[in-house]
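J.: Sequence:
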Amino acid sequence: MFDARSHPPVGTDALARMSWHTFEHLLAEHYREQGWRVEYDSRPKSLKALGASLDLRMRRGNEVTILQCRQWDASEVQVQDVNELLATMLNEGASGGILVTRGTFSGDARTVQLRQPRLQLIDGDVLRVMLKLDGPATGVTSHVAANETPARKEKAARVPTSRHDRPWLLPSIVAAVVVCLLGLFVWRAMTRVTATPPPVAATPAAPPAAPAPAATTPPVVATRPRNDLPSPTISRELAERARLQESRSDASRHGTQRQAEDAMKVMERNTRELGSAE
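Each residue of the sequence shown is one higher than the one before, counting from 1 in the numbering used here.
Keep in mind that a hint or two might mislead.
Said to hold, decoys possible - What follows is a list of derived Cβ distance ranges for each label pair:
1. Glu29 x Gly103: 21 to 27 Å
2. Asp41 x Trp168: 20 to 26 Å
3. Gln80 x Leu181: 50 to 56 Å
4. Arg110 x Arg57: 24 to 30 Å
5. Val174 x Ala74: 45 to 51 Å
6. Val79 x Leu182: 49 to 55 Å
7. Ile234 x Arg258: 32 to 38 Å
8. Tyr40 x Ala189: 51 to 57 Å
9. Arg60 x Leu90: 18 to 24 Å
Hints in this document: simulated from the structure, not taken from any laboratory. All C-beta atoms, glycine included, are put in the ideal place defined by N, C-alpha and C.
The whole structure should be built from the sequences, with the hints applied where relevant.
T.: Next comes the structure, spelled out in structure tokens:
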């Protein structure tokens with residue numbers, strides 16, 4: 001990941017002359033810029049205490065990486081320290097491990113790294129490039145960083161971390177978007193279902209309505225003749241009226257016939273009288 005450089009002389013080595021607070025800040029800041037949330041597991045008081053250990057827990061999403069700084073003053077770190085880091089990774093279920101030293105690593109340690117892709121070994125040459133300690137300006141940078149007040153250092157270490165202290169923010173946004181999309185889908189499905197029933201209900205209802213009037217019509221037609229039949233009283237009255245009308249007709253016929261007979265008699269008498277007079 002970093003280009004190896006030649007080891008600077010001890011007198012001009014910015015890494016050897018760097019204060020502990022500056023080294024701690026630069027190392028944590030480097031990984032914060034890559035999106036890691038850095039937590040101190042054990043904080044030594046000076047660079048000499050790094051001979052024991054410096055453990056950092058770094059988290060990024062679901063990844064957990066353990067960073068250890070061992071054998072700071074040793075010229076070569078052996079394979080035992082690498083195996084200890086692997087054991088710590090296994091016990092804590094870490095997804096990666098980083099071992100940092102100012103010196104170098106032995107050949108056996110490098111061989112273990114080749115078999116473990118999750119393991120990263122950072123020696124002094126890579127560390128100087130990683131922390132940007134090469135060049136003439138490193139002395140000025142180290143001096144300024146060493147003279148920073150504790151409050152400014154704490155603020156500088158806290159502000160970048162705030163961007164990664166909320167790993168739940170992105171999953172929450174994704175979950176909210178998914179819930180909104182599901183709600184919209186359900187709403188559209190319910191709207192479609194409520195709009196379709198009227199045509200479906202109207203189609204089957206039309207055929208049964210046709211035979212219903214045909215079944216009910218015959219009783220209505222059959223009852224009408226019975227309602228139109230005259231009652232016995234009306235029948236008798238009609239018969240009486242017909243009889244009176246017939247009797248009147250007979251009387252008028254008899255009267256007319258009698259008048260005709262009387263007229264004939266008058267005519268005959270007149271004829272006889274005329275004949276006798278001649």
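J.: Taking the beta carbons of Glu29 and Gly103, is their distance inside 21 to 27 Å?
T.: Holds: the Cβ-Cβ distance is about 23 Å, inside 21 to 27 Å.
J.: For the hint 50 to 56 Å, verify it against the beta carbon of Gln80 and that of Leu181.
T.: Given a distance of about 54 Å, which is inside 50 to 56 Å, the answer is holds.
J.: Cβ-Cβ distance between Ile234 and Arg258: within 32 to 38 Å?
T.: 36 Å, holds
J.: Using the C-beta atoms of Asp41 and Trp168, is the stated range 20 to 26 Å upheld?
T.: About 23 Å separates the Cβ atoms of Asp41 and Trp168, which means 20 to 26 Å holds.
J.: Please test the hint of 49 to 55 Å on the beta carbon pair from Val79 and Leu182.
T.: 54 Å, holds
J.: Is 18 to 24 Å respected by the C-beta to C-beta distance linking Arg60 and Leu90?
T.: Given a distance of about 20 Å, which is inside 18 to 24 Å, the answer is holds.
J.: Is 45 to 51 Å right for how far apart the beta carbons of Val174 and Ala74 are?
T.: 47 Å, holds
J.: Evaluate the given range 24 to 30 Å for the C-beta pair formed by Arg110 and Arg57.
T.: Once the Cβ atoms are compared, 25 Å apart, the range 24 to 30 Å for Arg57 and Arg110 holds.
J.: Could you see if the CB distance from Tyr40 to Ala189 stays within 51 to 57 Å?
T.: 53 Å, holds
The structure meets every hint from the earlier list without exception.
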